[in-house]
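Student: Since the structure of chain A is provided, determine the placement of chains B and C on it from the hints.
Chains as they are written, first to last, in the numbering used here: chain A, 1 to 799; chain B, 1 to 161; chain C, 1 to 294.
These are computed hints drawn from the structure, not numbers from a lab.
The hints are all genuine.
Partial list, computed: chain C residues near chain B (C-beta under 10 Å): (1) P3; (2) N102; (3) R188; (4) G190.
The calculated DSS-like cross-link candidates involving lysine-lysine, where the alpha carbons are at most 30 Å apart (straight line), are: (5) A:K170 / A:K613; (6) A:K170 / A:K606; (7) C:K239 / A:K438; (8) A:K507 / A:K715; (9) A:K402 / A:K182; (10) A:K350 / A:K606; (11) A:K507 / B:K86; (12) B:K121 / B:K86; (13) A:K438 / B:K121.
Backbone N, C-alpha and C define an ideal beta-carbon position, used for all residues, glycine too.
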Amino acid sequence: MSIREARERTRTERGRVGTPAVHADFVDKVKGTLLYAADWHMAGMLHGKIVRAYVPSARILSIDTSEANALPGVYAVLTAKDVPNNSMTEEAIGFGVSFIDTPVLADDRVRYEGEAVALVAAEHPHVAEEAAERIIVEYEEVPGVYEAVEALRNDAPRVHDQGNVLVDWKLQRGDVEAALAKADVVVEGVYRSHAVDHAYLETEAGVGWVETDGVITLRVSTQVIEHARDVAHILDLPQHRIRHIGTYMGGGFGGKEDMTVEPYLALLVWKTQRPVKMIWSRQESILARPKRHPMVMHYRTGAARDGTIVAQDVDIVADCGAYPYLSPRVTFAAAVVGGGPYRLPNARVKVTGVFTNHVPNSAFRGFGAMQVVFGYESQIDRLAVALGMGQREIRECNFLRKGDLLPTSEAIDSEVALSETMNAANERLNSGPPRPSKPGRIRGRGFACNMQPYGRAVYFQDTASCWMSLEPDGSLLIRAGVTDLGGGQAASLAQIAGEVLGVSLDKVAVHIGDTALTPFAGGTFATRQLYMSGNAALKTALELREKIAPVAADLLGVPLDRLTFAGNSVRGGYNRSLTLKDLVKECKNRLIEVSHLGTFFAEGGKFDPRKGKGRTFPDYTYGTHAVEVDIDPETGELEIIRYVACHDVGRAINPLRVEGQIQGGAVQGIGYALSEELATDSGTKQSTLFSDYLIPTSTDIPDVEAIALEVGPGKGPFGARGIGEPPIGPPAAALAAAIEDATGVRLMELPFTPERVLAALERSREEGSEALAESRRKWQDVPEKSRSIASKRDRRPEI
Amino acid sequence: MNRMRLEFELNGRHITTWVLPHETLLQVLRDEAGATDVKYGCGEGVCGTCTILLDGDPINACLTFGVQAAGRSITTLRGLGGNAGKMHPLQRSFLDHGGAQCGFCTPGMLLAAFAMSQEGKALSREQIRDGLSGNLCRCTGYTKIVDAVYSNLVGDGREAD
Amino acid sequence: MYPSPFEYESPSSVDEALGLLERYGDDAKVLAGGQSLIPMMNLRLLRPRVLVDVNALDGGVPRVDNGTLTIPAFTRQRTVERSALVQEHCPILPDAIHYIGNVRVRNRGTIGGNLAHADPSSELSCAALALGGYVNVAGPKGTRSVQLRNLFVSYLTTSLDPAELIMDLSVPVIGSDTGWAFLEMARRAGEFAIANVACLMSVDPVGGECTGVSLVLGGVSDTPLDVSGQAEELLVGRKPFGQTFDDVARRAQDASDPRDDVHASAEYRRKVVRIYARRALELAYRRAQDSDGL
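With the rest of the complex left out, here is chain A (with noise of 0.2 Å):
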């Protein structure tokens, strides 16, 4: 090959899938171009600004809006009697036990802190701030309950009058109580997450007005521009009068899948009949939005001597807030997976989805998928040491395979590599040169392993659709209905119709995230919109390829097999090769389409939720995290020395981006395991501001070490799987583990505060040398080096 060929190929190929190419949503961010949501701006625009309850549970006896009418410069003054239907119900899809009105604006009841009472529109930011607290709220407070499992009790208060319990899954298979009666060890454990808020750095925003042909038009910060249809009812106007466009988000996290501003600049659109923005400050956002749930999870797992896994029983207690909100999916999800990647040949899995005076919980990377990795993984780490094995080894006895059943009773049906991951990330954490501990540190290390599904539930019938048009000078137009979380879902769908079409990546243009001009896509959520619009890209522009690819082999004279799209040309042979351009041309001569609109319809299934069996999800994504930490044992300091997040991805669209993602994924989990909490108390919120919500900083973390294997082919496009959210799961359990390993004490409950570390360690002590003894069993499949890492740790002398 020429130098000249070898650059034209460097040139051409990059961009292609499988390189980390460039996407354009990057320069336009590193040039601080991109125009977010709260950076769009209209002549005549008001500002809206919403009033929240400062109880968690009460009655409200009465508004009185005069003053805040009063005030110059104020254009509306909302309560829930000016919302046409005061309602913004999920469709539950038949699952839920509880079927529950969520209000736009409390009415008569408010059943959290920072529930929103009252709208205002004025014509400056300041001049609504003042208005809003002009809004004269009298409450009567009623007694609340504030954790899930005293709610379920009979006399709790309740949150709402059909009662506390919102959803109830049951999955069975085999029959646990006779495997557990028979098996030769059996480990329980119960494991308690907490309340964490998304913190994107960009809080909600939007702004609403009223488009030339009478349609209201938001531009808002969302994931699922497809709550258009939720704004048009409660507005009681038709479906088509409302149109959503998606901006690229600072962030969204699962935080922006629920409605956020939407409604609210629509009320106050229709009702003043100007631009209206709305932008949350951050401790309104920290005070209001959804967050994870938190979740008690009962686990006990039985094994075999041999360490054969022979029954898992799993009864977790969501708390779901005050609303229902995604709880139902939620809760689902931790059901499906709440056993681990593991073969069970007895499982009973139960979540209990309930009420609370809490803010709602809602989806948040995971999903329900993640609390559940702190439970599995302790449980399999416990009983290897109740069993003198080695915690890979174990693992390796259990692992799920291709065939295997989950709790569900279906079978997984594409490669699980479970093993390569966890070996990876492993031997990636016992290379390199050894760091040595700061003086009086210990040290620990210790690994988890996760399962999280890709793609909406298979009883969803998802789809969704993508249209591309080459237009007349060989570029690439793409219109798909995704919003853009900053994962790169846009952009993404360039490379992939590129590798397709043989379009270079500075000559794809894709348009995004509206309901008027794009066609369905579904929201960005469920680590979605690779498989869904990632396959409806690679489907489309398949499509469109067999449309005009028997016009290049026409003119290149050569049989349609040997052609190859490629550099913006389609190649037939050696010297036989036409521009794209070209080929339009001829296209529009012989009258055929250059344009395409394609659909993908997910695979499809049936669940039962009496039985607890069926389909569920499509597919799975698996991965390991392996992480070394320095404890200071007079003050439960931790450090992360070292964290590998190894997943197995199939294949890897863009590998810049998919380190992104782990990496990234990874730190807002050793978040959410050391630092974050939404502390509460009875209800009133104690960390609403972003100096009292730690999510890390620089300093808090090493470097991740990301590992993205191509191991086993997922159902993505080109092989790939979903790895939007399965990097979050791990490194809860990683850093118990660890934990476990330096100081000899297991932690049962998250966060794993400096002050709970210390506790442990003081536990510890006081118990002695059984837990350290305990401790050491477990170290014996790893190699050398570590173990002398332990038994260095062993001979401290008391402290």
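Tutor: Below, chains B and C without anything else, positioned relative to chain A:
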């Protein structure tokens, strides 16, 4: 309440506007001067999305009043590469290393990195982490941001791992 | 997110500033760096009617005279953090200041503003108090000196009159026989301290006995807590060893009176302050010996 005349320099251009005393510099820059590359993130001085350079030093635009910018020179991300829309080498480095995901922290992050680079010293990854510790990122986990800054400050690319 | 309206004054001289403060009394707040004031205004927790912006006042630069380091109150924290003069004569101050917020906060925050805010976990207050510093204060009745131990009254409260303005901070320079340490534990980089500790210790270069010690604890009471007396009692005139440091640290723990908050319980803060006090004593002692030996 009377508006006050305010003159300052933004990315090399002279700006004259009228502001109320209680309008923060963040509001003035975004709403009056069109500098939407300066972001609101918390209003507490914690997150760093509103980072700007005031006479070369990084500060919180949310914790300064607009009137306090009188006669001062302000640089935002859009001014880093000069006014011709060119990119500063640090911006290129962020592109090459995937130092942005959602992009919301990126303007503040780049300005913080730029201010560090102005010291003219070669920095270790730990020093870079310390220098960026006041700029929160929720997407990247920081590794690729540190990669981008490190390779730019050191100039010899990434270390092989 | 949007502060309440206020009247804005930007005096060009100290006298003018004092006149404004006297005129408005409790209605006015001094705007120095604003890094604690403006967050509270953004959250609408504070709504001063008048802000007197002292940023136009020029106080000069840090200087050393006769063994005293004087830092004008309007000096930015970042300036002190990077000052070669301060680093040479009083290295504990840059070390403590580095823990304040983040670089943006330190680029705006001033020395006087930090002291006047009287946050019990203030790193600067803790270190300056350990140094035995004082402030010069200008007011309607002229200028007076206030020892830092008399400045901090309780949580966010000083002994100053609303019409008074801190003009500068003076601290003795650290002698060659003196070691120092500033240690802080926070849940996250730049956040408010769970506890911080400032310690200075001088050691007889010949005999190795401790000749003087000061120990101040931050974040564990409603003001920075000076436990130098307890430390002196156990250490001065003696050759300290590990057990003595631990005894002093226990006394420090006994003297502390922290509150519970979302970041840590009072009980945990008391445990931490003991460990950090002991480590600060050890480090200061080591540095005192090293500076002597080198």
